[in-house]
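Asks: Residue numbers (the numbering used here), protein chains in the order written: chain A, 1 to 237; chain B, 1001 to 1369; chain C, 2001 to 2306.
Everything labelled a hint here was simulated from the structure, so no lab data went into it. Among these hints, one or two may not hold up.
[To be verified] Pairs of lysine-lysine, DSS-like flavour, derived with a Cα cap of 27 Å: (1) B:1334 - C:2089; (2) C:2168 - A:156; (3) A:57 - A:77.
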Amino acid sequence: MSVLLDVKGLVAGYGAVQVLEGLDLHVEEGEVAVILGANGAGKTTTMRAISGMIARKGSVTFAGTDITATAPNDIVKLGIAQVPQGRGTFTDLSVEDNLRAGAYIRKGGDSVDADMREWYDVFPRLRERRSQKAGSLSGGEQQMLAIARALMSKPKLLLCDEPSLGLAPIITQELFAILGRLNTERGLSIMVVEQNANLAVKIAHSVFVLETGTIVASGTAEEIANDDIVRKAYLGY
Amino acid sequence: MPLPIAIHENSTKHWAARAGSVAVILAIVYYLYLTATTSILQSVTEATIVAIAAVSLNLLLGYNGQISIGHSAFAGIASFVTGYTVGQWDWNPYQSLLVSVVICFIVGFLVGLPALRLKGPYLALVTLAVAFVWPTVAAQFLEQKLDDTKLKGLRLDPPTWTGLAGKREDRAIYMYWLGLVLLLVTYVIVRNLRKSRVGRSLVAVRDNETAAAVMGVNLRLTKTITFGISAALAAIAGWLFAAISDTILPNNFLILQAIIYLLALFLGGPATLTGPIVGAYTYYFVNKFIRENAGDWTFLPGLFQGDGVAPLLLAVVVIIFVFVAPFGLVGFFKTQGRRLMVVVPQPLRLTAVQPQHEHTSASSAAEAE
Amino acid sequence: MGDLPQYIINGLAIGAVYSLVALGLVVIYRGTGHLNFAQGEMALFATFIAWWIYDHGSTMWFAVIVAAIAAFAGGAIIEFGLMRPAGKKSPLAVVVVSIALFQGVNSLTTLVFKRSTDGVPFQSLFPNGADDFVEIGDGTIWYYQDIGVFLTVLVLTGLLFLLFQKTKIGLAMRMVANNPDSAKLSGVSTNKTLMLSWGISASLGAVAGAMIGGINVNITNFTMFEIFLLSSAAATLGGLDSPLGALVGGLSLGIIRSLVSSYPEDWPISEYINRSTAVAVAFVIILIVLVVRPSGLFGSSRVERV
Chain A
1 MSVLLDVKGL VAGYGAVQVL EGLDLHVEEG EVAVILGANG AGKTTTMRAI
51 SGMIARKGSV TFAGTDITAT APNDIVKLGI AQVPQGRGTF TDLSVEDNLR
101 AGAYIRKGGD SVDADMREWY DVFPRLRERR SQKAGSLSGG EQQMLAIARA
151 LMSKPKLLLC DEPSLGLAPI ITQELFAILG RLNTERGLSI MVVEQNANLA
201 VKIAHSVFVL ETGTIVASGT AEEIANDDIV RKAYLGY
Chain B
1001 MPLPIAIHEN STKHWAARAG SVAVILAIVY YLYLTATTSI LQSVTEATIV
1051 AIAAVSLNLL LGYNGQISIG HSAFAGIASF VTGYTVGQWD WNPYQSLLVS
1101 VVICFIVGFL VGLPALRLKG PYLALVTLAV AFVWPTVAAQ FLEQKLDDTK
1151 LKGLRLDPPT WTGLAGKRED RAIYMYWLGL VLLLVTYVIV RNLRKSRVGR
1201 SLVAVRDNET AAAVMGVNLR LTKTITFGIS AALAAIAGWL FAAISDTILP
1251 NNFLILQAII YLLALFLGGP ATLTGPIVGA YTYYFVNKFI RENAGDWTFL
1301 PGLFQGDGVA PLLLAVVVII FVFVAPFGLV GFFKTQGRRL MVVVPQPLRL
1351 TAVQPQHEHT SASSAAEAE
Chain C
2001 MGDLPQYIIN GLAIGAVYSL VALGLVVIYR GTGHLNFAQG EMALFATFIA
2051 WWIYDHGSTM WFAVIVAAIA AFAGGAIIEF GLMRPAGKKS PLAVVVVSIA
2101 LFQGVNSLTT LVFKRSTDGV PFQSLFPNGA DDFVEIGDGT IWYYQDIGVF
2151 LTVLVLTGLL FLLFQKTKIG LAMRMVANNP DSAKLSGVST NKTLMLSWGI
2201 SASLGAVAGA MIGGINVNIT NFTMFEIFLL SSAAATLGGL DSPLGALVGG
2251 LSLGIIRSLV SSYPEDWPIS EYINRSTAVA VAFVIILIVL VVRPSGLFGS
2301 SRVERV
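In isolation and in its complexed conformation, chain A is listed as follows (with noise of 0.2 Å):
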């Protein structure tokens, strides 16, 4: 296998103040990567750092190219699809137009309408309301919603920024079995940044944990799992 995404000395924050420090990490092709970290760790900052939506330092690598310096809507292009924390879904705009929404890179026509079937297969409660506006879906419904639309763009990479937010249990229980089908079915790499250890954890194959901007631990979703101090800590038991 090799490196899908490398991320080394990544720091980033919000104007004056610096909220990752030097993290590194790396999502290897065709495995699910999970961050784990607290409130402030510095999760959500990561995800917007590798996008491109803020400005960052270090150096980013995906499949071999510097994105370092790549705007955000040229990102996408390559590869990475991100479903933003909060969801991110156009609340205005219908159901079948996020999906549209979701593949603006691509050249339209008969191959996105396909793969909206497909979606729409995946995620019947989206077909039932392809019509209605967005912001009307429950919050589950928004999220799948979320990642179909990332997933039109038919990225090499998906990354989650917190997909359990806000859900009801049995909903995130759905959540993570699908992004797991995805990666097993279908060989999706995925990043998912994440509080709901447990669930994560099951279906990833490397485990980053993040505690005030810098990696503390890492390793595979075994090795944490077994790690005493991060399972008490992020995992409960």
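Using the hints, position chains B and C against chain A.
Replies: Chains B and C in isolation, oriented as in the chain A frame:
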């Protein structure tokens, strides 16, 4: 000595610095009085009118977050109330000032009522409507009541205790001082409001209405009263205009006037105490300078020669200003000043903390400045 | 009340012009959250370009089209060269720059087109002779001029609707309007989209200027000021983020104005109402509507997070 110099808040040095800046301002004011020609003194008074209006707007927009493009109307109403009561009913002009202030407070309060439901550009439009309606109403009023198109201005004579006679130069000197005193009064009112508990609730409402309401701030009362006070202070500007003018016209206070107040406030720095004043004098005199001199600037390209270029140059200057000092002149001086001198805030003394929950929580929401 | 249809028809043409300027305001507001104070004056400059080209011997249609294209470029340049850098400085800077532009562009117009202060005759795009009207129903007449303006605006609004709803560019514009961050993450260049929005908005203004020029058969450097104020009122009435609202708001304002200035004889307070007060009355009506519906007739009310 290494820069910046650090001085402690409320230390002797800090007080000395404060006293020094007050002394410099007083010196300038007195120097102008001694040396300036009558027409310069009159210009200063005209700028003072803009300054008072900008200070009043700052209370509403800067501190309370409610935009108004209608402050020209409040000043206009005051100029009319003054002109009418003095001209038709022979009132004492200073009595008219009080009445104008009260009337504008009521009108401002009433405008504040629909404003309760509106935000941002929607609120701007309501106040714009007020500014738009005012000259029409004023013209109709004159036509119906007096069968005229204007009111007589006051051309206020200096009181005898000043020792000044009623000549044009004497009037200019008197109005110069009176204008500055009125500006000082307006400034002190806004400053005291800002530093008080009320001021903190104003800012809390501006920054987050819901959070402010949860902390016990009465949103409706705060917003409408602020509107009222702001309009009442704008009335002082309108009165001053009536006092120095020969005639008072409905068209003296058009929307453009309100836009000038906004520009003065923005250029100086909203939500700072001195910003609107600095902005008003700067705007007024830059404008005056360009208007009086642009016609002679032969170095400009042919198309841009002549008096007509003045508004364009002013616009260019304003745009350059805002790029250099995007948070206003006062903001600019504060950042630059910090390189030379910083005031270290006093550490919180635990004994001074009172167990008043609303007090402390309101002040934490009012950090914005 | 027998003349009611006639008064409504009289208000449609000017209302359509309000709609057009209001649409321009809405296009920019959706993208940036700012009111463009210079919208009217930018339109004024473009209208004078049209006049200048016509004056040099072209047809009016050609002149207006060239002016609209020039306005598009001008709008895009203003966004790129002024508004975007100002936005990076502070939100306040954007407001100040757009107010300064309002004054600056007006002044530039008087400098470039020397005769603008006295006014220049403006050729209408449509036949506007005394006999150029059609009678619809019971003595109600509709001038070709007014029909032309009304239809032009309807067609432009329709095209704009198609652009928004049916094209990828329109999708990008809606994405940026609704959620700029997600738009970027989906691969949309917000910069290009905003330039486009400003360009479209300025072109709409240019056409609106040509329409009002045709109605007044004359333009001066004051022509657009009141139009801009009333159009921003119309946009607010309709809801600042709603193109449909701009159309309805503009037309309603035109009709309200026509009715108010036509009816006073029968009204109890008629002695206080005349042509100039009609605008004031229209503003008061809008104020009442806004108090009932704070986000305008068709605007979306956004929930604020604490």
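Asks: What are the numbers of the hints the structure violates, in ascending order?
Replies: Per hint list: zero violations.
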